[in-house]
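Below, each chain spelled out in residue letters.
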Amino acid sequence: MNSEILFFLLSAMIIVFSILTVTSRRILRAAVYLLFVLVSTAGLYFMLNYNFLAAVQLTVYAGGIIVLIIFSILLTSHISERAQMAGRYQGLMSALAVVAGATLTLITIISYSFPAKSVVESPSDVKAIGRALVSYNENGYALPFEVVSILLLAAMIGAIIVARKENKAVKGLKK
Amino acid sequence: MTGTIPLQYFLIISTLMFFTGIYGFLTRKNLITMLMSIELILNSVNINFVAFNRYLYPENLHGHFFSLIVIAVAAAEAAVAIAIIINIYRNFRSIDVDKVDEMKF
Chain E
192 MNSEILFFLL
202 SAMIIVFSIL
212 TVTSRRILRA
222 AVYLLFVLVS
232 TAGLYFMLNY
242 NFLAAVQLTV
252 YAGGIIVLII
262 FSILLTSHIS
272 ERAQMAGRYQ
282 GLMSALAVVA
292 GATLTLITII
302 SYSFPAKSVV
312 ESPSDVKAIG
322 RALVSYNENG
332 YALPFEVVSI
342 LLLAAMIGAI
352 IVARKENKAV
362 KGLKK
Chain L
43 MTGTIPLQYF
53 LIISTLMFFT
63 GIYGFLTRKN
73 LITMLMSIEL
83 ILNSVNINFV
93 AFNRYLYPEN
103 LHGHFFSLIV
113 IAVAAAEAAV
123 AIAIIINIYR
133 NFRSIDVDKV
143 DEMKF
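Protein chains in written order, with the numbering used here: chain E, 192 to 366; chain L, 43 to 147.
Calculated from the structure, these hints are not laboratory results.
Accuracy of the hints is not assured; some may be wrong.
[Stated by the list, open to error] According to the in silico footprint, chain E covers these stretches of chain L (three or more CB under 8 Å from chain E):
id, region
1, 68-79
2, 84-91
3, 95-109
4, 117-130
[What the hints assert, rightly or not] Simulated restraints on C-beta separations:
id, chain 1, residue 1, chain 2, residue 2, range
5, E, Ser-271, L, Tyr-99, 47 to 55 Å
6, E, Gly-282, L, His-104, 34 to 42 Å
7, L, Asp-138, E, Ile-301, 38 to 46 Å
8, E, Pro-306, L, Glu-144, 49 to 57 Å
9, L, Glu-144, E, Phe-199, 42 to 50 Å
10, L, Asn-133, E, Ala-291, 35 to 43 Å
11, E, Glu-329, L, Asp-138, 48 to 56 Å
12, L, Asn-133, E, Ser-304, 50 to 58 Å
[Unchecked claim] SDA-like mimics (lysine to any residue), calculated; alpha carbons at most 25 Å apart, straight line:
id, chain 1, residue 1, chain 2, residue 2
13, E, Lys-356, L, Phe-67
14, E, Lys-356, L, Asp-143
15, L, Lys-71, E, Leu-287
16, E, Lys-318, L, Tyr-131
17, L, Lys-71, L, Lys-141
18, L, Lys-141, L, Val-115
19, L, Lys-141, L, Phe-67
20, L, Lys-141, E, Gln-281
21, L, Lys-141, L, Glu-101
22, L, Lys-71, L, Ile-111
23, L, Lys-71, E, Ile-257
24, L, Lys-71, E, Ala-293
25, E, Lys-356, E, His-269
26, E, Lys-318, E, Leu-343
27, L, Lys-71, L, Asp-143
28, L, Lys-141, E, Ala-286
29, E, Lys-356, E, Ala-346
30, L, Lys-71, E, Leu-265
31, L, Lys-141, L, Val-112
32, L, Lys-141, E, Val-353
33, L, Lys-71, L, Glu-101
34, L, Lys-71, E, Val-258
35, L, Lys-71, E, Val-290
36, E, Lys-356, E, Glu-337
37, L, Lys-141, E, Met-284
38, E, Lys-356, L, Glu-101
39, L, Lys-71, L, Phe-108
Backbone N, C-alpha and C fix where the C-beta goes; we use that ideal spot for every residue, glycine too.
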């Protein structure tokens, strides 16, 4: 009973704040609403007993990406600036497409009967997760782990190179 | 803790979140808010993976690791996108998609 109340609270927060994220005209507020959505999602992961994933969600998403987004908002727009939205026609058409897609997906989800398996309440311990991340037998994830670390390294170097101030030769070319 | 909550509820939440993200992506004009809509979409996909893993295959951890990798990819994507956005701002003094049209043919 208690967990149901918690679940409905978290899901209501997720839905309300997602809608506020995409409709708020102040960009900084939209970023803070997105932070609330991500924190409530971490709460859902905690409810599902995936504690490590919830911690990663809190640190990487809510801690890292949101800070990055807020910094770039402060770099590129004024605090009092109101965001431009699409015109009325385009907004109406997007809403129509989104409602149609959502209805289709929801009907499919509700009409499909998933096999009711009893959920084992086994806590996912961090030791098993760490072993699986670096082992290379059939239940190991060493290859995706290494690929993702290379991807992160490449993305960080690429981001530094792209965001660096240009030198004079390029500036002359731009003129 | 998820005693009586059916799997469908998680899927419904993630569907609503996904389509909210798509709506934002279609109607926003600021590049950063479009990026935030993409984060919403990725996050809803993560909820799906985790819920399927917990309810249908609780003995494995495949969905768990898939969500971890999606989070890492989202971080990389946000970093590169924000670098590009800052560069666009330097060149155009604006990050509205309507005003960035130099490559338009």
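Okay, the hints, checked on the actual structure:
no.	hint	verdict
1	68-79	holds (count 10)
2	84-91	holds (count 3)
3	95-109	holds (count 10)
4	117-130	holds (count 12)
5	E/Ser-271 with L/Tyr-99: 47 to 55 Å	holds, 50 Å
6	E/Gly-282 with L/His-104: 34 to 42 Å	holds, 39 Å
7	L/Asp-138 with E/Ile-301: 38 to 46 Å	holds, 39 Å
8	E/Pro-306 with L/Glu-144: 49 to 57 Å	holds, 54 Å
9	L/Glu-144 with E/Phe-199: 42 to 50 Å	holds, 49 Å
10	L/Asn-133 with E/Ala-291: 35 to 43 Å	holds, 38 Å
11	E/Glu-329 with L/Asp-138: 48 to 56 Å	holds, 50 Å
12	L/Asn-133 with E/Ser-304: 50 to 58 Å	holds, 54 Å
13	E/Lys-356 with L/Phe-67	violated, 29 Å
14	E/Lys-356 with L/Asp-143	holds, 22 Å
15	L/Lys-71 with E/Leu-287	holds, 19 Å
16	E/Lys-318 with L/Tyr-131	violated, 45 Å
17	L/Lys-71 with L/Lys-141	holds, 10 Å
18	L/Lys-141 with L/Val-115	violated, 29 Å
19	L/Lys-141 with L/Phe-67	holds, 17 Å
20	L/Lys-141 with E/Gln-281	holds, 18 Å
21	L/Lys-141 with L/Glu-101	violated, 52 Å
22	L/Lys-71 with L/Ile-111	violated, 29 Å
23	L/Lys-71 with E/Ile-257	holds, 19 Å
24	L/Lys-71 with E/Ala-293	holds, 23 Å
25	E/Lys-356 with E/His-269	holds, 21 Å
26	E/Lys-318 with E/Leu-343	holds, 24 Å
27	L/Lys-71 with L/Asp-143	holds, 13 Å
28	L/Lys-141 with E/Ala-286	holds, 24 Å
29	E/Lys-356 with E/Ala-346	holds, 18 Å
30	L/Lys-71 with E/Leu-265	holds, 17 Å
31	L/Lys-141 with L/Val-112	violated, 32 Å
32	L/Lys-141 with E/Val-353	holds, 20 Å
33	L/Lys-71 with L/Glu-101	violated, 44 Å
34	L/Lys-71 with E/Val-258	holds, 21 Å
35	L/Lys-71 with E/Val-290	holds, 20 Å
36	E/Lys-356 with E/Glu-337	violated, 31 Å
37	L/Lys-141 with E/Met-284	holds, 22 Å
38	E/Lys-356 with L/Glu-101	violated, 50 Å
39	L/Lys-71 with L/Phe-108	violated, 31 Å
Consistency note: the structure conflicts with the earlier hints numbered 13, 16, 18, 21, 22, 31, 33, 36, 38, 39.
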